[in-house]
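Protein chains in written order, with this note's numbering: chain A, 296 to 549; chain B, 371 to 699.
Some hints here could point you the wrong way.
To be verified - Heads up, incomplete: computed chain A residues facing chain B, CB under 7 Å, no partners named:
no., residue
1, 307
2, 369
3, 407
4, 412
5, 419
6, 422
7, 445
8, 450
9, 462
10, 513
11, 514
Rather than coming from a laboratory, the hints here were simulated on the basis of the structure.
In this text the structure is predicted, and so the values were computed from the model without any measurement.
In this text, a Cβ means the ideal position worked out from N, Cα and C, and glycines have one as well.
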Amino acid sequence: MSAWSPRLDVAIPERVSLVLPVAGIGFRSIAYLVDALLLFLFWVSAYFLFSLVLSDFVGAFLGLSGVGKTLAIIGAFATQWLYWTLCEVIGRGQTPGKRLLSIRVVSDDGSPVGVLQSSVRNLCRIVDFLPFFYAAGLLAMLLSRENRRLGDLLAGTLLIREERIELDKYERAPADGTSTPIPAAAEQLSPADVELILTFLSRVQELTVESRDRLTAALVKRYGRFLSDHEYRALLASRQSAEAFLRARAQPRA
Amino acid sequence: MESLGAFVARRKGDWEKLQQLLAQQRSGALELGQLKRLDSLYRRATGDLAYAQSFFPGTDAHRFLNQLCGSAYGSIYQPPRQHWTAVRKFYENGFPGVFRAEKRFVASSAMIFLLGLALGASVVLVQPGGAELLVPARMRQSIAERRMWTDDILSIAPANLVASAIATNNLTVTIFAFASGILAGAGTIFTLVNNGIQIGAIIALCAREHMAMPLLSFIGGHGPMELSVIVIAGGAGLMVGQAVIDPGDLPRRQYLKRRGTQAVKLVLGCAPFLAFTGVIEGFISPGNLFPGPVKIALGLLLAGAFWTYLSLTGRADEVESSASKSGRR
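Go ahead and model the full structure; you've got the sequences and the hints to work with.
Below, the structure written as C-alpha cells:
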C-alpha cells in the first residue's frame with residue numbers, strides 16, 4: 296500500500312463506515328485515453344463503412360439537403376457528448392475505459408451516479424479541457440482532496456478504484472508433518488503480524504531466490520524469538536521448513 | 371477473540387454467496403427469495419466489516435469487506451430506475467419548475483447579454499471603425515459588397531459545412547455558458563457579453579450598410595429561440611457561479627452539488643429545443659424559399675411559445691402543492 300492515498304469515507308445506514316480507495320490521476324488519465332481511442336475508432340470505422348456503401352463519401356455528404364446535413368452534424372456532436380453520460384448511467388458509473396481500469400464514478404455519498412450528476416460532470420469537460428488538453432482538470436485534481444476535476448466538484452462525484460482482493464492466502468492449510476511445533480509459551484501474534492506473514496507467503500513465488508531467503512530469515516528471526524540458536528539454524532537450512540514454520544506461526548492456537 | 375484466519379474461513383462462504391447474488395442482480399435476474407437472502411447477507415457482511423474494522427484494521431480481509439460492502443451498498447441503495455415517464459414529468463413539471471424557481475438568474479443572464487448587445491451595437495454605430503475589431507473580416511467584406519455572407523456559405527459547396535458549424539457552435543456556446551460558471555461565474559459572464567457584443571456589432575453594421583432586412587430574414591427564424599436557449603444556459607451558469615462564491619450555510623462542496631444538479635436541468639431541458647432550432651436553421655433560414663417577414667414571424671412565435679411554456683406549464687400543480695404544504699403546517 297502506498298504511504299498516503301485519498302480515501303472516500305461513507306457512513307452507511309448499517310452504522311459502519313465504508314472506506315473506498317479513490318482513483319488517482321494516472322488511472323483516470325489512462326481510462327480517458329482508452330475512451331478517446333474507442334470514440335476515435337468508432338468514427339474511423341463509421342467513415343469506412345459509409346465509404347463502402349457510398350462510393351463518394353464527401354460528395355454524398357455535401358449532396359445532403361440542409362436539414363440532412365445539420366442533423367448529421369448534430370448527431371455526430373451528440374454522440375461525442377452523450378457517450379460519456381450514457382455509458383456512465385447504463386454501466387453503473389463505468390465507461391468502457393473505466394471498466395478496463397476498474398474505476399467507477401460514484402456520488403460522494405457512495406451511491407451510484409444518476410443522469411443529472413453524470414450530465415453535470417460530463418458537460419463540464421468543456422471547462423476542464425481548458426486551456427488545452429485537460430490542463431484545468433488536472434490542476435483541479437492535483438489541488439483537491441480526492442482527485443476531483445472541476446466537473447466532479449460541481450456534480451459531487453468522484454472516482455473510486457475497485458480492487459480485486461484474494462482471500463485465498465488465509466485458507467491455505469499449514470503444511471502437515473515435520474514442522475517445528477510452536478511452544479505454548481510463544482506469544483500470540485497480532486492480526487497485523489499474521490497479515491504480514493500470510494501476505495509474504497502468498498507472494499514468495501514472485502520473489503527472486505535471494506530476496507525470498509533473506510526475507511524468510513528475517514521473518515523467522517522476528518517471529519521465532521523463542522527458538523534456540525540451534526533450532527533457528529536448523530529451520531533455515533531448508534526453505535521448506537522455514538516457510539512451514541512461518542505458516543504454522545500464523546495459525547491460531549487452540 | 372477469533373483469529374483472522376478462522377474469521378475469514380468461517381464467513382467466506384457467505385461473502386462469496388453475496389458476491390454471486392450481486393452479479394446476478396446486476397444482470398437483472400433475482401427472485402424474491404434470493405432478494406431477501408441478498409438483503410440479509412448484506413447486513414451480515416456490514417457486521418463483519420464493523421468487526422474487521424475493530425479487530426483486523428488494515429488487513430486484506432478488511433479491505434475485501436470494504437469493497438464487498440461498497441458494491442453491495444451501491445446495488446441496494448440505488449435510486450429508482452428512470453423510465454420514459456420521468457422524461458415526460460420532467461418536461462411537464464421539472465424543467466419549467468426550475469426555470470420559475472431560478473428566474474432571477476435567467477433574468478440576470480438576459481440583462482448581461484443585452485448589455486453586451488447594446489455595447490457592440492453602440493460601438494459600431496458611434497465609431498464605424500470599431501466594426502473592424504468586432505466583426506470578422508469575411509463578414510465585413512460580404513456586407514460591404516451587399517451580399518449576405520450566409521448566401522455565400524450556403525451556395526459554394528465546400529463552405530457548406532460552415533452552416534452546420536454554426537449549429538454546433540451554438541451547442542458549444544450553450545454548454546460552455548453553463549459549465550464555465552464553475553469559474554466563479556466569470557466564464558459565463560464573459561461568454562454572454564462576448565456573444566452579445568458580436569451579435570450587436572453585426573446587427574449594427576448591417577443596419578448601417580442597409581443590409582438589416584436580409585440579415586433579419588436569415589436569423590429571424592432561428593435566432594430568437596437560439597438566443598433564448600443561450601440566455602437560459604447562461605442563467606444556469608450564473609447559478610453555479612453564485613454557488614461557488616456564496617454557499618451560504620452549507621459546506622461549499624455540498625451546496626455546489628445541490629445547485630449543480632439543479633442548474634443542469636435548465637441545460638438538459640433546453641437541448642431538444644436547441645436541436646429543433648438547428649433544423650430550422652438548416653431548412654428554413656437559408657435561401658429565399660420563405661419570405662423574410664414570414665421567417666421573422668415564425669421565429670418570434672416559436673420563441674414566444676417557448677417562454678410561455680416555461681412560465682406556465684405545471685404552474686397549477688405548484689400552486690396546489692405549496693397551498694397544501696402551508697395547509698399542513
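> If you check each hint against the structure, which ones fail?
Replying inline: Going through the list in order, the structure violates hints 10 and 11 and respects the others.
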